[in-house]
Amino acid sequence: MEYLIHILIMIFIYSILSVSLNLVSGYAGLISMAHSAFYGIGAYISAIMAFKYQSPFLINFVSAVSLCSLFGALVGIPSLRIRDDYFVIATVAFQIIIFNILNNWVSLTNGPMGISVIQMPIIFGVKLSSHLEFLILIGTLSACIYWISYRVVCSPFGRVLKAIREDEVFALAAGKNIAIFKVLIFVISSGMAGAAGVMYSYYISFIDPTSFTVMESIFIITIVIIGGAGKLFGSVAGAIILVLIPEILRFIGIPSTIEANIRQIIYGGMLVAFIIWRPKGLFGDYIFYS
Amino acid sequence: MNSYLMSIVLEIQGVVKNFNGLKALDDFSCSVQYGEILGLIGPNGAGKTTLFNIISGFLDPDFGTILFKGKDIINMSTHQIVNIGISRTFQNLRLIYQISALENVLLSFKRQPGEQLRNVFFNWKHSLKQEKENREEASLLINEVGLANKLNDPTESLSYGQQKLLSLVCCFAAKSELVLLDEPVAGIAPEMTEKILKIIQKLPTQGTTVIMIEHNIDAIMQVCDRIIFMDAGTKVSEGAPEAVKNDPRVIHAYID
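Residue numbers (our numbering), protein chains in the order written: chain A, 1 to 290; chain B, 1 to 256.
Some hints here could point you the wrong way.
[Claimed, not checked] Residues from chain A shown here face chain B by an in silico Cβ test under 8 Å; the list is partial: (1) 7; (2) 10; (3) 166; (4) 174.
[Unchecked claim] Label-pair distances were calculated between CB atoms; the ranges are: (5) A:6 <-> B:118: 34 to 40 Å; (6) B:132 <-> A:139: 42 to 48 Å; (7) A:140 <-> B:149: 31 to 37 Å; (8) B:151 <-> A:254: 33 to 39 Å; (9) B:151 <-> A:241: 49 to 55 Å; (10) B:43 <-> A:233: 49 to 55 Å; (11) A:233 <-> B:70: 24 to 30 Å.
FYI, nobody ran anything at the bench for these hints, they're computed from the structure. Glycine included, C-beta positions come from ideal geometry on N, C-alpha and C.
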């Protein structure tokens, strides 16, 4: 039972990450390689606050999400002048900078040794005492985030995002201030990634910089591509599939010494296969760079 | 201000644009009056589309001013220019092909409350109501041009002529006072051409001024009140359609 709960929690965390990345990459067409940086910033902010100041969960959550949104604006605004491949490179650069800060600013982040958060969230005086209760919390949070994302993409705001993705010149000629749309969706998406980070740090109760590398960003974008860019439930489906693959490997008896390598080969192979034979992913309606 | 100045909607003064030493526009000036249909003709490379790109803010001129209703628009960005009342179409069609014809038109409405992020969460009843009205109006506009049965079809499934028609509807949905049409009837069947020209002819009665670029000289003669003939970035001849058509300089330029 604990095992099942663990898998469900991981699926929820990756659903939040992939749905929020889908807003930026699938709907607005900006491929961001910095998503795990925001995820990491959220995780570290809440961990540092909980560890050093013993501040309550809700305050940590709100500060982490707002600071991540702020970082989103800081990256989003200068990135607007660049497009396509250059945007990808700029976000990779940001991702690497954040990883190095987490890894080297030892006095703040404890560097490679990581930070332990031995504390379960307390919400309005209710202390979550089991993983099952944590599952209910993150399930509710994921539902809220999915609902917010759904409202955004189904609104006229979301329609403009799709227009920007397909043809910026058309969007400009229709009188849309595309810079504002891009920054706003980047800010929302970063905030959501920060929320996922907070949940991760509380759940795993130990974080270190290796969880927030470029590889992690690539993993999240793989979920978006396999699930389908431009469809929210595609990202949820992608998260379920990609989180379950290593568990299936374990069940069929692959020895743990080579399991990690096989998992990486499968992820890489799936990404390549989808891009060649099914670039829209399982449910998507947008092909990157088409 | 005398009545002549009052009636001017767009004033272009001494616009110069160079592309790496190639003069696309060379000290070009003209003025456009309220409610007229002005035709721009001239050989390829005369600078007609460059002029459109400068008016609509996609390009900045090297020199010169452009006044729209007395207001300098040179330093405005494209979306600001659209929002004060200048819309355009493109020579190579620009539409969002993955979404329906209706949604393309919906994108073109200005100042939609639903496009502001805060209205996605707050005050959404207001934006929902506006969205419903926009949908009705957009379907009406599409019905008017006879594309009613294509309303919810993906735009990529429309024929070239229908797409051209749709791009005009998008341009008109913005309800701009000035529309810039870049070759609205190029490359489409004669009956569709007639249909589009009829729509363009009706625009001044709805308070819209039109500048159109067109190579189809019959179409230009049919709808335009006034014609400017351009060559090598300058104005060669200007006046009533018949006069410009018979201007020896125009004939000379086309024969060359």
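A quick look at each hint next to the structure:
1. For residue 7 of chain A, the interface hint is violated, since its Cβ never comes within 8 Å of a Cβ in chain B; the closest pair sits about 32 Å apart.
2. The beta carbon of residue 10 of chain A is not positioned within 8 Å of any beta carbon in chain B (closest approach about 29 Å), and the interface hint is therefore violated.
3. Hint on residue 166 of chain A holds. Least Cβ distance to chain B is approximately 5 Å, under the 8 Å limit.
4. Using the Cβ-Cβ criterion of 8 Å, the hint placing residue 174 of chain A at the interface with chain B is satisfied: the shortest such distance is roughly 5 Å.
5. Take residue 6 of chain A and residue 118 of chain B: their Cβ atoms lie about 38 Å apart, and the range 34 to 40 Å holds.
6. Take residue 132 of chain B and residue 139 of chain A: their Cβ atoms lie about 34 Å apart, and the range 42 to 48 Å is violated.
7. For residue 140 of chain A and residue 149 of chain B, the Cβ-Cβ distance of about 45 Å falls outside the hinted range of 31 to 37 Å, so the restraint is violated.
8. Take residue 151 of chain B and residue 254 of chain A: their Cβ atoms lie about 54 Å apart, and the range 33 to 39 Å is violated.
9. The hinted window of 49 to 55 Å between residue 151 of chain B and residue 241 of chain A is violated, with their beta carbons roughly 36 Å apart.
10. With their beta carbons about 54 Å apart, residue 43 of chain B and residue 233 of chain A fall inside the hinted range of 49 to 55 Å.
11. In this structure, residue 233 of chain A and residue 70 of chain B break the distance hint of 24 to 30 Å, their C-beta atoms being roughly 52 Å apart.
The earlier numbered hints that this structure contradicts are 1, 2, 6, 7, 8, 9, 11.
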